[in-house]
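Chemist: Mind assembling these two chains? They're in different frames, but the hints should get you there.
Okay, here's what each chain looks like letter by letter:
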Amino acid sequence: DVKVTQSSRYLVKRTGEKVFLECVQDMDHENMFWYRQDPGLGLRLIYFSYDVKMKEKGDIPEGYSVSREKKERFSLILESASTNQTSMYLCASSYWGTRQSSYEQYFGPGTRLTVT
Amino acid sequence: KNEVEQSPQNLTAQEGEFITINCSYSVGISALHWLQQHPGGGIVSLFMLSSGKKKHGRLIATINIQEKHSSLHITASHPRDSAVYICAAQETSGSRLTFGEGTQLTVNP
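Line by line, the protein sequences give chains A and B.
Every letter in the first sequence is one number past the one before it in my numbering, and letter 6, counting from 1, is 120.
Every letter in the second sequence is one number past the one before it in my numbering, and letter 66, counting from 1, is 100.
In isolation and in its complexed conformation, chain B is listed as follows (with noise of 0.2 angstroms):
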């Protein structure tokens, strides 16, 4: 079973700040997802990916196959970036998810 790592748990941020939340997963894996999850539930994909780097906007994400680690990064943040973030992997042989526990971000401003 893959285990999926996230850091920081928590993070406050004042707006402007660049933001970086880390993911790390143990065994091999298809693809990296990045979710979002605002209060009252609702969860988007942000990103899919298994090789390399993607942007969207502000948002960036990317992935280091050698190492398990995945990284996504918010420039310029604002308030309503104030969100959980969610990594989860995909496994090798299929289409099911493991999650991490998500990141609580705050951006103040």
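Okay, chain A solo, but in the shape it has when bound (with noise of 0.2 angstroms):
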């Protein structure tokens, strides 16, 4: 079975910190990605890595940023937390898909971030 582990369930912390939130995989998937899950807005990608040290924005990156220096490892980086950082974050990771293949993401079971 696929592992997808996540450092934290739940985090508080307070505005001005910095935040590391850690995800790891057992599966030896060359992409993970990070999604943070608002009331309303649905899941949306805040970073992606396909590779060991490469990363691609999401939708969202503004206020974080990510280090990936193994392939199992993908670490999401809160320089300094605000409130409006509140939320689930989501880690999730994939073999690589491309035209003529495709492959599910499997998910992590989140951690719930409260900055205060």
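Calculated from the structure, these hints are not laboratory results.
Predicted model, so just to flag it, every value in this text is computed and none were measured.
Note that beta-carbon positions come from the ideal geometry of N, C-alpha and C, so glycine has one too.
Be careful, since some hints might not be right.
Straight-line Cα separation of at most 27 angstroms, BS3-like style, residue types lysine-lysine; simulated pairs [as the list claims (entries may be wrong)]: (1) Lys171(A) to Lys132(A); (2) Lys185(A) to Lys117(A); (3) Lys117(A) to Lys88(B); (4) Lys117(A) to Lys89(B); (5) Lys132(A) to Lys167(A); (6) Lys132(A) to Lys169(A).
Partner residues aside, some chain A positions facing chain B, computed with beta carbon under 10 angstroms [what the hints assert, rightly or not]: (7) Gly154; (8) Leu155; (9) Thr225.
Modeler: Put into structure tokens, the structure is as follows:
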């Protein structure tokens, strides 16, 4: 069974703090993704990575950065947390997909982050 | 950018009813994904399809590429089917997904 784990289920941070969210997958997937999920907005892509040290901005990268030093690990960093970053953060991983092949994404359990 | 529209947003059914959730997308895709999210947040992939129809137990997913439309059907619904169902379109150029807002399904006993 594919397993995607996230470092915390719940996290409370103060405005201005630096926040690290970590995601680890055990299936040797090339792709890893960070999403945030908000009521009425659905899942939105923050960043994704298709290889070690490679990253691409998603739809809402502002206020976030990422790091992928090892294939199995993808970190999301909030340099200076703000209240509008209070959300559910979900990590996912998949094999590389092309026009000829598509692969499902496997999701972690999510981290509910509250910034006060 | 691919837009993905789901309907209905909320759906309440009685146990045993046949349920349909619809998904429309705006541009070409390589695959259409259906996902399920239970309370507590965990998301699991139900189906990934690029043509025709797939069935798993009481769940059936269909896609019409020409009409850019997909449906998820649940036969003989059960309270444990209560969850948010999300469709997502996979872009033709790679692995990125664009998600619909989700359909909250509640099945009452």
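Chemist: Give a verdict on every hint.
Modeler: Taking the hints in turn, this is what the structure says about them:
no.	hint	verdict
1	Lys171(A) to Lys132(A)	holds, 20 angstroms
2	Lys185(A) to Lys117(A)	holds, 14 angstroms
3	Lys117(A) to Lys88(B)	holds, 25 angstroms
4	Lys117(A) to Lys89(B)	holds, 24 angstroms
5	Lys132(A) to Lys167(A)	holds, 21 angstroms
6	Lys132(A) to Lys169(A)	holds, 20 angstroms
7	Gly154	holds, 7 angstroms
8	Leu155	holds, 7 angstroms
9	Thr225	holds, 9 angstroms
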